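Chemist: Please take these sequences and the hints and turn them into a complete structure.
2 protein chains.
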Amino acid sequence: MFEKVEVDESYIRIPKDRLEEFYINVLTALSVQKEDARIVADNLIIADLRGIESHGAQRFGRYVRAIKKGTVNLKPDIKIEKESQVHALLDGDEGLGQPVSYKAMMLAIEKAKENFIGMVGVRNSNHFGIAGHYSLLAVDRDMIGISMTTTRPLVVPTWGLERAVGTNPIAIGIPVKDKPPFLLDMATSVVATGKFELYKRKNKPIPEGWGLDGRGEITTDPNKVLSEGAELPLGGLGELLGGHKGYGLSLAIDALCGVLTNATWSKWVKNTDEKRSNVGHMFIAINIDAFTPVEDFKERMKRMIEDVKRSKAMKGKKIWYPGEKGAFTAETRLKIGIPVYHKVVEELNGFAREVGVERLV
Amino acid sequence: MFEKVEVDESYIRIPKDRLEEFYINVLTALSVQKEDARIVADNLIIADLRGIESHGAQRFGRYVRAIKKGTVNLKPDIKIEKESQVHALLDGDEGLGQPVSYKAMMLAIEKAKENFIGMVGVRNSNHFGIAGHYSLLAVDRDMIGISMTTTRPLVVPTWGLERAVGTNPIAIGIPVKDKPPFLLDMATSVVATGKFELYKRKNKPIPEGWGLDGRGEITTDPNKVLSEGAELPLGGLGELLGGHKGYGLSLAIDALCGVLTNATWSKWVKNTDEKRSNVGHMFIAINIDAFTPVEDFKERMKRMIEDVKRSKAMKGKKIWYPGEKGAFTAETRLKIGIPVYHKVVEELNGFAREVGVERLV
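Quick note, the sequences are listed as chains G and C, same order.
Numbering of the first sequence is given in the working numbering, commencing with residue 24 and proceeding in unit increments.
Numbering of the second sequence is given in the working numbering, commencing with residue 24 and proceeding in unit increments.
These are computed hints drawn from the structure, not numbers from a lab.
Nothing here was measured: the structure is a model prediction, and the numbers come from that model.
For each residue, glycine too, the CB sits at the ideal point set by N, CA and C.
A couple of the hints might just be wrong.
[Claimed, not checked] Derived DEER-like restraints, expressed as beta-carbon distance ranges:
1) G:GLU32 - C:GLY261: 54 to 62 Å
2) G:LYS366 - C:GLY237: 46 to 54 Å
3) C:GLU240 - G:ILE35: 36 to 44 Å
4) C:ARG164 - G:GLU106: 55 to 63 Å
5) G:ARG299 - C:LYS298: 57 to 65 Å
6) G:LYS223 - C:GLU32: 48 to 56 Å
7) G:GLU32 - C:LYS200: 43 to 51 Å
8) C:GLU262 - G:GLU262: 20 to 28 Å
Modeler: As structure tokens, then:
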């Protein structure tokens, strides 16, 4: 059994089902449609189960605040604007990001079933939560799933001083025989924005190399990064260690999710609690049988992963593959509950009081 | 006008056309078919024009040695093993990587013209040179082009001590109105292997953070990395600054290019001068008109790029977008010639002598 983050007495363990029920209660009390509430809850739960604390319970408040401010359309009329046998473009009508993203990936999967590939873009959407959720929908159906999104501009371009590009994450999910799926779910910045929020909430300094203060100097203060500074792209400051690669990936995701879909690119993406954040997403499903029988493929994925894991590790270290730690963490947490930070539990209980549903704990 | 690398008197400027003619002369003298020789030459020239010295003239020797050793099939029978309206799988029959890659991307483009998306995998191939070459074929036809490949295993997985994954590059090309195309062409390691070879050839220390020596310590000696050590994934050592992301991207490319295509994954990829290197590639073309009129898209790409370039830069620095420096470098070099390092010129003249064609200069 494995726990990714340091979990101490400042965390309260909550059974997954209780947390799910709680999210749905709060969201439906706020007039979110039941089916949509369930998808948002799923997304938060998957994040917390897999140890991605930045996108779990601590993120719920953002959605609640946006809904209360009325900046999210709770009865969106999701339209298919373009469509062929292998692609589609959806207009999310400014609704919650998770339900339209779920629909988009399921549509991509349908297309890939019949025609080998499905590529579905979304515009006029909002924050979609954890990208891996949608890629796993494809993996559950024995396909390769790729999900991407624009985000608010919180990252400097290489040599830049100002926030101008997004943390634009990509998640690539791939089925593997007898093992947890391969799931690479990564921001194209050094770390996701939620990580800064987490360190801020815990009053802890961030490692050097994650972000800049307002003068463009490396800082260890998460508050400075979040208030006046900016995050660094994967590869870090300048070009020496490949910072232009993280920046380039971020722009490529802007092009696919923001420019191609007629949403906006990260520079103009708004926070969910501002009107019309206009986030864009892209979902791709690949039918493995197009290239090779899926069972052979999964067997070969297993062998590839075993090859890497078998290679020599540094002293006291172990070699993991993407998605493996998350799957182990989920196994544990399904048994003993999801640890929620005490301040987040207080926040959630506050929401319960406001909307008149039962407290979380 | 702009020059990316330090070019001094140890370089000799050679007109692009002369270099192209020279490559074709040597290759055809070695029994490479004329059309294939032209594609290999194009690939080398594009690299050198764009300032990617690691994949230009200095790389030619590798192909020549492989051909002379007889490990590359010069009369490959390239077969389409699987095919639909939107995808195909080609068997490269152990021929040169560049010609089959060119065919594969052109096939992907054909499919995308008719059916919006084209995804073509290749197995039984060899080193395909610079990935950007193929993505630009799509860009030239107003499409988005994505190219990837497995490589030899020269990179450590996160926390690993042994070479176990590839530098597995990806190139994403996107057309832009009135500007050079967006072209992100990146190894998923901190830098490409050719960069180590370049520093070795010039007897220069590499920056800290590019590679490890045989004991797993950071080294500045390119010889140690190339002989006994290993390269680091993008994001560097461990997980603190995202090394698991570069490693994860490398494995994802292994899955798409090596596992899905029934080639092998990087762990078992051989050098081109060993028998059956069995490299795998993947090429994707996306028809922009599927989602939005291509002229609108290009206009919006231009605006996105201008937004980023307009943001505040660090003192004395400028903000570039992927592909921009390369395009400026190419403009200069088309006018005043491609600088080739004196030792590389000697090597090329040596090949000319061996196969009985005119010296380069």
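Chemist: So, for every hint listed, does it hold in this structure?
Modeler: A quick look at each hint next to the structure:
Roughly 28 Å separates the CB atoms of GLU32 of chain G and GLY261 of chain C, a value that falls outside the hinted 54 to 62 Å. For LYS366 of chain G and GLY237 of chain C, the hinted distance range of 46 to 54 Å is satisfied, since their beta carbons lie about 47 Å from each other. The hinted range of 36 to 44 Å is satisfied by GLU240 of chain C and ILE35 of chain G, whose Cβ atoms lie roughly 43 Å apart. Against the hinted window of 55 to 63 Å, the Cβ-Cβ separation of ARG164 of chain C and GLU106 of chain G comes to about 23 Å, which falls outside the hint.
Look at ARG299 of chain G against LYS298 of chain C: about 59 Å separates their beta carbons, and that is inside 57 to 65 Å. Remark: the range hint 48 to 56 Å for LYS223 of chain G to GLU32 of chain C is upheld by a beta-carbon distance near 54 Å. Judged by the Cβ atoms, the range 43 to 51 Å given for GLU32 of chain G and LYS200 of chain C is violated: they are separated by roughly 58 Å. For GLU262 of chain C and GLU262 of chain G, the Cβ-Cβ distance of about 22 Å falls inside the hinted range of 20 to 28 Å, so the restraint holds.
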